[in-house]
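K.L.:
Chain by chain, the residues:
Protein chains: 4
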Amino acid sequence: MAWSLEEVAKHKDASSCWVIIHRCVYDVTEFLSEHPGGSSIILKYAGRDATSAYTPIHPSDALEKNLSPSQHLGPVSDEAANILAKKEASKKKTKDELRVEQALKQRPPLNHILNLSDMEASVTMTHDIRPRLMHITASCQAKNAQAFNRFFFNARVMRPVATCDPSTQILGFKTNLPIFVSGAALAKLGHPLGEANITRGCAPSKIIQMVSSNASLSYAEIAAASSPSQTLFFQFYKHKDDAVALKRIREVERLGYRAIFLTVDAVVPSNRERDVRSPWVLDMQENGIKVYTEGEGAADMDPGLGSAGALIINDDRDMTWEKTIPWLRSVTKLPIVIKGIQSVEDAILAAEAGVDGILLSNHGGASLPPLEILYRLRKQRPEISQKLEGGVRRGTDVVKAVCLGAKAAGLGRPFLYAQSAYGEVGVRKIIDILEREIVTTMRLMGVQKIADLTPDLVERVDWQPPARSAKL
Amino acid sequence: MAWSLEEVAKHKDASSCWVIIHRCVYDVTEFLSEHPGGSSIILKYAGRDATSAYTPIHPSDALEKNLSPSQHLGPVSDEAANILAKKEASKKKTKDELRVEQALKQRPPLNHILNLSDMEASVTMTHDIRPRLMHITASCQAKNAQAFNRFFFNARVMRPVATCDPSTQILGFKTNLPIFVSGAALAKLGHPLGEANITRGCAPSKIIQMVSSNASLSYAEIAAASSPSQTLFFQFYKHKDDAVALKRIREVERLGYRAIFLTVDAVVPSNRERDVRSPWVLDMQENGIKVYTEGEGAADMDPGLGSAGALIINDDRDMTWEKTIPWLRSVTKLPIVIKGIQSVEDAILAAEAGVDGILLSNHGGASLPPLEILYRLRKQRPEISQKLEGGVRRGTDVVKAVCLGAKAAGLGRPFLYAQSAYGEVGVRKIIDILEREIVTTMRLMGVQKIADLTPDLVERVDWQPPARSAKL
Amino acid sequence: MAWSLEEVAKHKDASSCWVIIHRCVYDVTEFLSEHPGGSSIILKYAGRDATSAYTPIHPSDALEKNLSPSQHLGPVSDEAANILAKKEASKKKTKDELRVEQALKQRPPLNHILNLSDMEASVTMTHDIRPRLMHITASCQAKNAQAFNRFFFNARVMRPVATCDPSTQILGFKTNLPIFVSGAALAKLGHPLGEANITRGCAPSKIIQMVSSNASLSYAEIAAASSPSQTLFFQFYKHKDDAVALKRIREVERLGYRAIFLTVDAVVPSNRERDVRSPWVLDMQENGIKVYTEGEGAADMDPGLGSAGALIINDDRDMTWEKTIPWLRSVTKLPIVIKGIQSVEDAILAAEAGVDGILLSNHGGASLPPLEILYRLRKQRPEISQKLEGGVRRGTDVVKAVCLGAKAAGLGRPFLYAQSAYGEVGVRKIIDILEREIVTTMRLMGVQKIADLTPDLVERVDWQPPARSAKL
Amino acid sequence: MAWSLEEVAKHKDASSCWVIIHRCVYDVTEFLSEHPGGSSIILKYAGRDATSAYTPIHPSDALEKNLSPSQHLGPVSDEAANILAKKEASKKKTKDELRVEQALKQRPPLNHILNLSDMEASVTMTHDIRPRLMHITASCQAKNAQAFNRFFFNARVMRPVATCDPSTQILGFKTNLPIFVSGAALAKLGHPLGEANITRGCAPSKIIQMVSSNASLSYAEIAAASSPSQTLFFQFYKHKDDAVALKRIREVERLGYRAIFLTVDAVVPSNRERDVRSPWVLDMQENGIKVYTEGEGAADMDPGLGSAGALIINDDRDMTWEKTIPWLRSVTKLPIVIKGIQSVEDAILAAEAGVDGILLSNHGGASLPPLEILYRLRKQRPEISQKLEGGVRRGTDVVKAVCLGAKAAGLGRPFLYAQSAYGEVGVRKIIDILEREIVTTMRLMGVQKIADLTPDLVERVDWQPPARSAKL
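Protein chains in written order, with UniProt numbering: chain A, 1 to 472; chain B, 1 to 472; chain C, 1 to 472; chain D, 1 to 472.
Because the hints were derived from the structure by calculation, they are not lab data. Treat the hints with caution; some may be incorrect.
If several chains are the same, the list does not tell them apart, and a pair holds so long as it fits within one copy or across any two.
[Said to hold, decoys possible] Calculated cross-link-like contacts (lysine-lysine; reagent style PhoX-like; alpha-carbon spacing at most 25 Å):
{"#": "1", "residue 1": "Lys206", "residue 2": "Lys95"}
{"#": "2", "residue 1": "Lys174", "residue 2": "Lys95"}
{"#": "3", "residue 1": "Lys240", "residue 2": "Lys449"}
{"#": "4", "residue 1": "Lys174", "residue 2": "Lys449"}
{"#": "5", "residue 1": "Lys95", "residue 2": "Lys44"}
{"#": "6", "residue 1": "Lys323", "residue 2": "Lys449"}
{"#": "7", "residue 1": "Lys449", "residue 2": "Lys379"}
{"#": "8", "residue 1": "Lys407", "residue 2": "Lys174"}
So that you can see chain A by itself, here it is in the shape it has in the complex:
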């Protein structure tokens, strides 16, 4: 049976809610209450075509995973398909979309990208997409990055550096550089091929990719994009229902993912005001200053928390060392890493809980920068194995973290930006940049291999150096 638009249009509220996605009709009435992004965003499209809103956020297996076969109602009629196609074709581009189109034409050629700041500056997105992809709080980002600024090198000379090897291992898996791709969701918002750009871009240099639970491609699609010698880790957002969580683990185990990074610093979304503010800014740019009527907006006292907030709404907020780690250990043989340690105390607890590693990072807010935690940790408990993430933008940053004891440094958003701006080749580009910066830094420090990056090679000063500018 094929559906007419008129029939679909009858199911336009919570009592019966149908939507059209890619020319197929779905009954999402029961799913409304389970949708991580809330029901109101679905109801906005009730009885209508939702394809353009659905596609850039959801992996291809989302409908299959979340709806039962009976809720797949079948295709629309040919007539309906024609009407939808015409509508799409005649859709007028917004000013903002035209701006982005123009900017893409004037994008710098890839060999003009000399550092990660250049890469970030080359990203052009519409105003409604930009903050969803770049949604970490700006003040947190600045603090995490500036933390590196207070550490200087005690570079050593007269040491042979003709050969210099930056390769190392993370959890026993080889990597050409002491970096990895941190989990970051929603890559399809920036580029239609999404996270697979990162997977393919990392292949030549064996950079390990940590895939987010909330990736916009399915875990299988990303695994399929990887080469046989490539390592994938899984950033695990634990669902509050253990059974659902376990299903997710089983899936990534089956797909060959090699480690579980349990995310513990995002039990609730942090304060992402830019994300929330974005549509209003867009609206004002398109339509000029608006005069609101008295009381308008007063009813809506609780604005949504943006895309990032929606994604974790069903996650487990009651995890504990006593309960969650033993459970995870009992269900999987994969190495377990705790992602989101923000204090020395928790680093110690994690070590005592017997996990295979920790990842120092924060999701914004007012926590101490990860590098500062690393510095304290190295002094108090140098034996605890960890990685670091947050604010890394230069090869010097990576080397500083490794000197202070980190096995590797994770970068999330730089990879999102690179694939958004140039796809797979952009990802390769920033790996090349980081390799050049890391090797140059190692050589200028008189160091031949990662194991020689030791704490005595860096010094934290007691003053605040001038902020580093994006451009050198």
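With chain A held as given, fit chains B, C and D onto it using these hints.
P.N.:
Same frame as chain A, now just chains B, C and D:
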């Protein structure tokens, strides 16, 4: 008897000074010397209608309290009333008033206000009102606020936070959040309903309001606006005449106020130059650059100290621990809190004097920020019970203060701004914002309830992080 | 005998050099080599009228003191006087002079001056005068002033402050405020009445004026402007010839000056580039961008050091504790103060040398700010009596210095600016401002009198607060 | 035999590559692989005239030293010479060249240059030359320079300073000031006479010049420009082939150079992004925004490293204390100084290796500023003899370094700028400026001679003073 404008106009100097307020005539000749704002401002209106200047500053019972019945001379004649009404109707709006009218129309809808900085930015006032309501010295405000910036969280993970309760008690009275409204005068300048907007806005969340001695509504009006379950505190500016001061206490006791916050940090007005400068700025904006004649202004060597200075001109400048606290204790059973402690030494003296609490705050100048006093106090005398006020603009600020030992954090001007911009609903809005920020922060720190906010969760760093921007 | 312009014009070089000043002819041939400002500036006017260049810099007794009677050649002829008068009358004003004229008309009335920054901003001068009066290095000024920013008050409450007396004594002489006027030369450049404006402005409040050796009025003129109860100190720049120096001391003793402030921190002029650069900037503003011919300027490898440099060219550069202090003690009974101490070590040496006091100050360069020296001195040798000068712009600055042990704080340029902008009444104005600020600060700190300003009331913090802005 | 352009044009690729330089033809086919700047830059001119690209970078003996006689193919024909001459004459100037021509005409006369910042500001160069001469990373320069800002003088008074002698010795060689010219390559890019401008400018004041291995004049040309009493040092970049390196040492020994400064901090080029970016910026300025086609630039994943990188491509990257110093000692009797020490540890190793001195400096990156290393070194091993280089821009900087134990301070780029802007006379000018600043500073500190500049005269503060501005 009803007065003609001609008759009133005869009483136009200090020898006999009449004014018209709300169509009634008052003989203020004797009151001239007692007026807290000085005689010159009254003499400006001698023999004339003073309604527009009088109304936004004075509570409704000010005439009754300050003038004897014989000084109430009765209404103006119908003819006079007609003339005054016509005059008002024909009064041309200034450019500045028109600017504010326009700005009010383009005010953002309330759901676009995401944080307290947004709220402050949405306030639109004429240039002569703005500084009187926003009159604290800007440099002091910046210092108090930036103090929070040097404290970071040691956020903890793997602790259950699905339930999270930010409610607590202040002096034994329940509140949904560890915040309270600090005393702030002159609310009617911002909104015709004045302090009652705050009272009504606080009711649903049981936020406690401290009412200033210099509120622009009468204490009775504010009490009448409160709901039965609501708690009001009284910010007590002690008159130099004990009898007058006692009368004030008896009044608020009778009205059901629950505590006395004796203000000790404003024995003289601090240096509020913006307040003084405001009318000149306005004058220049309206009339362009003025060429002053030689010597003009030279006579007037002592500019007034602005509205804030006027309000405390009769206050007691000779309070002491030995004299004032025992007296206050002897006349009231209400809990006594000292508001304006700016040093650890005085915090200790206050504790020894047996008061029920202290409020760390300053009125500007070059005192150490309250948060720094709190930090020192916690180290030296952690058992001393206190609250903190000054520079609080984020839920993270509140949580930092509570971690360091404050029972609650007071906010004054944010409430003034909120009621000025949106009335009661604006007050509700910023409480909602603070609740969301406080709860999010608590959860991200792994904390379920106020009692778990302990000093080990914050760390003061020895460097100066970048200043926080208003927008995230 | 009366001279024709033609006759004077014949003496136009170093072999015979005559100049006309105020219609009289002087033979300065022999004086050329003794002129503190060097011979080239005189030779520029050789054989011509030098009045306009001479007047604003030299005291009225300069010709008498420096030239022998035989070098006073007598008046010009009436015809010559007429020609000179016509020339003056027909002299066209420069753009810069017209700019200043216009600015003076739009100068704010005096009651709009709320603080010392306002006063500085109200000064309008031509580009060639401005840097000579405002010639201290800007970076030094900023450092001296910002030093105050790192000291905060531990304000005390519950102390009676209804009465508050800021009067004190300096070297046993009464003053209404713990401030004094520091020696600052060339006041006539800013206002035709010069240093006498300061003398008269200080009279009502008994503020003590330290008169510079290089005042643009004669010491006698300044003494004559003072009231009987007024105290004058003398800022002594010691000539390298003891006999000349002694003559200067005898003169001020005779005129009733009460103390000698021996200046020791200006043995050579500091680096006053703005002063040197000023005429070029002016030239460019008047005449636009100039194209210099190849090699032009190359000959002149040694630009002059500006007015300030000229004034001290004959001073003693070989002063020592062993020689100079005993000599000074042997020739005068006046109290001796060493002005220009920049280290704790020298403060101790001065005390051991038995002087009556020291004045912590610097003349620019990269010395530690005086307040920092004061802070170190108080810790190591609190008993050493001193004053402080440099960067003081607020009553809070004065109070901080006094808390840390300074008997008083000196202000130089603020008085120069005040008399330049408004004459005597400007001087009174800034004293009023400082009195208000000092008394307000003392009251807010719970202090009734100068003796109660103790070190425990201030605290130096280990972070850098935001720079204070000129406007509050 | 004389070559036609047609014949030369046949040899236009790597299989047979001829170029014309100054009307002579060279076969560089075999040399392609040895060219320090890589083969691609030569191949760009294969079969064509390369004179304009070759001249400003290469010393006059470069062809002789690098090509065998058989590779010198002889002159072009007269006809060919005529065609080349016409081509040159008709070459149209770019907008950028015209801009520079205009700027040179409006260059300030030399007596308007008051400090080294003025000198830097007076340099005008085309966009492709500028970054090659000014190629150190800007952020590193800022950090090195700001390090001086945290050191203050404890200036002493009452010490005779009428005579003040800033002369001293470096490695036993006399110099009028405690400064020297640090090695800096490519001077001909800024001025046609190149490094000889510096040599001649230094002669009168006996300032010692350290000549770079990569000077754009031959070592012989520079030696020839020196006066008999003048001292030259040699900045030695060691070639990876000991024999080639030795040849270089023998040459400078023969030419009378007096010391070897072995450069150890530039084994690989640091990150000079401005240098790489420069041609693109120029291209955009000339041609406006360019729209690149899809994929353009993607092929070129490895942008060159700029001129600076090219120059050191054949240097020894495997130097060690054990191998390199004994070798160097064995082949030369000249004093050996290690240039590029960036840590206290290496300063000690250098001393133990028995070298004649060390030079604290860095080539960019994130190393601690040399002044900070000097400060640490003075505390731990004050006996180690060293010089300092990096960020020195004021006489006060020099004096601070000398107080902390440096024998002298090296300046590189200021001399490059001075000779670029004004040739030899510019070099003399900045020496005059530094002399005036050094002597003034010494006198204001109460110091007569270099030996009296002791550590107690400076103090490092624990706060960050405001950044110094270029202009005072």
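K.L.:
Between copies, within a copy, both or neither: which fits Lys95 and Lys44 at Cα up to 25 Å?
P.N.:
The answer is within: 23 Å in one copy meets 25 Å, while 44 Å across copies does not.
K.L.:
Classify it for me, Lys240 with Lys449: is the Cα-Cα distance of at most 25 Å met within a copy, between copies, both or neither?
P.N.:
Cα proximity of Lys240 and Lys449: across copies only (21 Å, versus 43 Å in one copy).
K.L.:
Go through the copies and call it for Lys407 and Lys174: within, between, both or neither, with a Cα cutoff of 25 Å.
P.N.:
within (12 Å within a copy, 49 Å between copies)
K.L.:
Check Lys174 against Lys95 for me: Cα-Cα at most 25 Å, and say if that holds within a copy, between copies, both or neither.
P.N.:
Close neither inside one copy (47 Å) nor across copies (52 Å); limit 25 Å.
K.L.:
As a check of your reading, is Lys206 near Lys95 (CA-CA no more than 25 Å) within one copy, between copies, both or neither?
P.N.:
Neither: 41 Å inside a chain and 47 Å across chains, both beyond 25 Å.
K.L.:
Within, between, both or neither: how does the pair Lys323, Lys449 come out at a Cα-Cα threshold of 25 Å?
P.N.:
Between copies only: 21 Å across chains, 40 Å inside a chain, cut-off 25 Å.
K.L.:
Up to 25 Å between alpha-carbons, please classify Lys174 paired with Lys449: within, between, both or neither.
P.N.:
Only inside one copy: Lys174 and Lys449 sit 14 Å apart there, 44 Å across copies, limit 25 Å.
K.L.:
Which holds for Lys449 with Lys379 at a C-alpha limit of 25 Å: within a copy, between copies, both or neither?
P.N.:
within (23 Å within a copy, 32 Å between copies)
The structure does not agree with the numbered hints 1, 2 stated previously, though it agrees with the rest.
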